[in-house]
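A.B. asks: Residue-level listing of the chains:
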Amino acid sequence: MNVAKPNSYRSGPDDRGHFGIFGGRFVAETLMPLILDLEKAYSDAKADPAFQIEMNGYLKNYVGRPSPLYFAERLTEHLGGAKIYLKREELNHTGSHKVNNVLGQIMLARRMGKKRIIAETGAGQHGVATATLCARFGLECIVYMGAVDVERQQPNVIRMEMLGAKVMPVQSGTRTLKDAMNEALRDWVTNVHNTFYCIGTVAGPHPYPTLVRDFQSIIGNETKAQMQEIEGRLPDSLVACIGGGSNAMGLFHPFLDDPSVEIFGVEAAGHGLTQLHAASIAGGRPGVLHGNRTYLLMDADGQIQDAHSISAGLDYPGIGPEHSWLHEVGRVNYLSATDDEALAAFQLLSKLEGIIPALEPAHAIAKVMELAPKRANDHLMVVNLSGRGDKDVPQVGDILRGKSK
Amino acid sequence: MTRIDTRFAELKKAGRAAFVTFVMAGDPDPATSLEIIKALPKSGADVIEIGMPFTDPMADGPSIQAAGLRALKAGMTLKKTLELVRGFRKDDNATPIVLMGYYNPIYIYGVDKFLVDAKSAGVDGLIIVDLPPEEDDELCLPAMKAGLNFIRLATPTTDDKRLPAVLANTSGFVYYVSIAGITGAGAADANAVGEAVARIKRHTKLPVCVGFGIRTPEAARAIAEKANGSVVGTALVDALKNSLDADGRATAKTVNAVAELTAALAQGVKGAQQAAE
Chain X
2 MNVAKPNSYR
12 SGPDDRGHFG
22 IFGGRFVAET
32 LMPLILDLEK
42 AYSDAKADPA
52 FQIEMNGYLK
62 NYVGRPSPLY
72 FAERLTEHLG
82 GAKIYLKREE
92 LNHTGSHKVN
102 NVLGQIMLAR
112 RMGKKRIIAE
122 TGAGQHGVAT
132 ATLCARFGLE
142 CIVYMGAVDV
152 ERQQPNVIRM
162 EMLGAKVMPV
172 QSGTRTLKDA
182 MNEALRDWVT
192 NVHNTFYCIG
202 TVAGPHPYPT
212 LVRDFQSIIG
222 NETKAQMQEI
232 EGRLPDSLVA
242 CIGGGSNAMG
252 LFHPFLDDPS
262 VEIFGVEAAG
272 HGLTQLHAAS
282 IAGGRPGVLH
292 GNRTYLLMDA
302 DGQIQDAHSI
312 SAGLDYPGIG
322 PEHSWLHEVG
332 RVNYLSATDD
342 EALAAFQLLS
352 KLEGIIPALE
362 PAHAIAKVME
372 LAPKRANDHL
382 MVVNLSGRGD
392 KDVPQVGDIL
402 RGKSK
Chain B
601 MTRIDTRFAE
611 LKKAGRAAFV
621 TFVMAGDPDP
631 ATSLEIIKAL
641 PKSGADVIEI
651 GMPFTDPMAD
661 GPSIQAAGLR
671 ALKAGMTLKK
681 TLELVRGFRK
691 DDNATPIVLM
701 GYYNPIYIYG
711 VDKFLVDAKS
721 AGVDGLIIVD
731 LPPEEDDELC
741 LPAMKAGLNF
751 IRLATPTTDD
761 KRLPAVLANT
771 SGFVYYVSIA
781 GITGAGAADA
791 NAVGEAVARI
801 KRHTKLPVCV
811 GFGIRTPEAA
821 RAIAEKANGS
831 VVGTALVDAL
841 KNSLDADGRA
851 TAKTVNAVAE
861 LTAALAQGVK
871 GAQQAAE
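Those protein sequences? They're chains X and B, same order as listed. The numbering of the first sequence is our numbering, which starts it at 2 and goes up by one. The numbering of the second sequence is our numbering, which starts it at 601 and goes up by one.
Since the hints were derived computationally from the structure, they do not count as laboratory data. Among the clues, some could well be false.
[To be verified] Cross-link-like lysine-lysine pairs, in silico, BS3-like; alpha carbons within 27 Å at most:
no., chain 1, residue 1, chain 2, residue 2
1, B, LYS761, X, LYS41
2, X, LYS47, B, LYS761
3, B, LYS761, X, LYS116
4, B, LYS690, B, LYS745
5, X, LYS375, X, LYS225
[Said to hold, decoys possible] Restraint ranges, calculated between C-beta atoms of paired labels, are given here:
no., chain 1, residue 1, chain 2, residue 2, range
6, B, ASP847, X, GLY398, 38 to 46 Å
7, X, GLY114, B, LYS853, 45 to 53 Å
8, B, LYS805, X, GLY114, 32 to 40 Å
9, B, THR602, X, ASP38, 31 to 39 Å
10, X, LEU37, B, ALA631, 40 to 48 Å
11, X, ASP38, B, VAL716, 36 to 44 Å
12, X, SER351, B, ASP712, 52 to 60 Å
13, X, ILE400, B, ALA792, 53 to 61 Å
[As the list claims (entries may be wrong)] According to the in silico footprint, chain X covers these stretches of chain B (three or more CB under 8 Å from chain X):
no., region
14, 699-705
15, 756-769
Even for Gly, the Cβ is constructed at its ideal location relative to N, Cα and C.
Let the hints inform the model, and build the full structure from the sequences given.
C.D. replies: Spelled out as structure tokens, the structure:
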């Protein structure tokens, strides 16, 4: 597509929340006043040094940041080619990058005087992070989760309940993340006066894609500083998996204006791009859902289609609007990995590095397995290890045992 | 003047409130749906809202969501929804038709093409739940230019500061959502509604119709005493659903089930004493 290149890839969105044609605020009137309040609360918080100081304190001492940038020596040797570094977001408290964003949003909710927090979750990592911070700050927490995901992500359901959250299984639609998001929006419309909706990814109505990106950008900022310290220069390439795309946006954003850095986002190709999958950019087109315009999987009549991925966290028919824009302006290369490729990568990383990744970043590792051997030995490749695989151990165990029978 | 403007002018002259009905296009199948829509004016509906089915209706409750999914399963599309309106217009050139739904199917159809086709099919107005005034460029302004009314929702969270923005490009009537919530939930409190309608009327000369949470003739009457119209959707959709067979197909009772409830609700609205303007 023929789209003008901007002077900076980091300046978006415009004041109405648009990244090119993407983004915006496509929500029911009931929610608009609250969304405008949130926009103001966020811009006030950004200008308040006390907010950043308090947040940095929790990031360091509660979340456990900075997360390490680890040289994966055996993976590098095995693949041959690029030097592979893992950004260890799975070592954060709660086991994924999700906590970075939730901490920011919960602090905003507190500033706004909201006592009731709702969230939607696919794999449960965002739900666990939200339940954790609600416990920490004494807030009521309700998490909507598709009934299918409740079934396949039992460890996280139990964790959320232990943390005092109420998990609401969603029976409508495909009973996965998309329907959990619909149900969370319905709850929000109904309880708008006292409720804060903690969105788990860089999607939804403006200002959510921006504020989630900003809270996650700590991943890329740390990576930049750490790589400078270890190798004395910028990385040559970045790789991250994409469902909604928050871990990817967090890693990518600080590097968007560094033209020497190649950037790869990896969507979930499920059973393959011609069958059931969750790759919105590879297999979708621009449409409007869940408060924003973005690439969506849909039929010829504009009805939203079912997504499929082995990973509940990537099983969503859309993607954050800024990713759609970065795709159209050509700054980021969007690739995809199938369920089988992700499973192979899951096993490879576990065996070579002693790190069991979540199925989500296993999609990123799958593409590293393709990209790294084609690069020179001095090429520095960073892959965002966005979450750990504890939650996926029962599911992957069943699959592998089934295959060995 | 659109058919909506004409209809509200007539009602004002007659000194009564409007009864506005909502049904889902293509529910439970396209042919039965046309029969139901044809039956509505005969049973006392003054304005007909027709839902455009969508897979992800985020502001609707379970009843209307299920109705949309029934329709989609029966093969309903936006194009067929316009054909439905065209079919209705063969026998009725007076009853206003308002399409209600979500933006994505229209966006995919193509806004300009949709407006031309909707106008020629006999559509008078649009209610698009997920297009607030902040996104007026998308459809609201082109619809006005095409001669269609763009009817905006005002809600309990729409305060006096925000109302002018909500009303700025609204025409036909204002749809006041009586509760902060989804369709089919809660019950509207007539006194609170009365205050809200009075507040909106300080900002506009447009008729104000009230919906969400109205299920009975009594409730429809109580609201019609405070507003220019009562809107009923979920109760009609539920009546339809209860008439279906075990496989979700229409039965001999289906059209009548909707028509009878419409007639009872219309009696309620017509019994209302209109407050002096």
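A.B. asks: For every hint, state whether the structure bears it out.
C.D. replies: Taking the hints in turn, this is what the structure says about them:
1. With a C-alpha separation of about 16 Å, the suggested pair LYS761 of chain B and LYS41 of chain X falls inside the 27 Å cut-off, and the hint holds.
2. About 25 Å separates the Cα atoms of LYS47 of chain X and LYS761 of chain B, which keeps this hinted pair within 27 Å; it holds.
3. A hinted pair counts as satisfied when its Cα atoms are at most 27 Å apart, and LYS761 of chain B with LYS116 of chain X qualifies at roughly 25 Å.
4. Between the alpha carbons of LYS690 of chain B and LYS745 of chain B the distance comes to roughly 25 Å, so the proposed pair stays at or under 27 Å and holds.
5. The suggested pairing of LYS375 of chain X with LYS225 of chain X holds, with an alpha-carbon distance near 23 Å, which does not exceed 27 Å.
6. The hint said 38 to 46 Å for the Cβ distance between ASP847 of chain B and GLY398 of chain X, and at roughly 40 Å that hint holds.
7. The beta-carbon spacing between GLY114 of chain X and LYS853 of chain B, approximately 52 Å, falls within the hinted interval of 45 to 53 Å.
8. One distance hint, 32 to 40 Å for the beta-carbon pair LYS805 of chain B and GLY114 of chain X, holds here, with the actual separation near 37 Å.
9. The hinted window of 31 to 39 Å between THR602 of chain B and ASP38 of chain X holds, with their beta carbons roughly 35 Å apart.
10. A hinted range of 40 to 48 Å holds for the C-beta pair LEU37 of chain X and ALA631 of chain B, which are about 45 Å apart.
11. For the pair ASP38 of chain X and VAL716 of chain B, the supplied restraint of 36 to 44 Å holds, since their beta-carbon distance comes to about 39 Å.
12. For the pair SER351 of chain X and ASP712 of chain B, the supplied restraint of 52 to 60 Å holds, since their beta-carbon distance comes to about 54 Å.
13. Separation of ILE400 of chain X from ALA792 of chain B is about 55 Å and conforms to the stated range, judged on CB atoms against 53 to 61 Å.
14. Chain X is given as covering the region 699-705 of chain B, and this holds because 4 residues of the stretch bring a CB closer than 8 Å to a CB of that chain, at least three being needed.
15. As drawn, the region 756-769 of chain B meets chain X at 6 residues by the rule of a beta-carbon pair under 8 Å; at three or more, the given contact holds.
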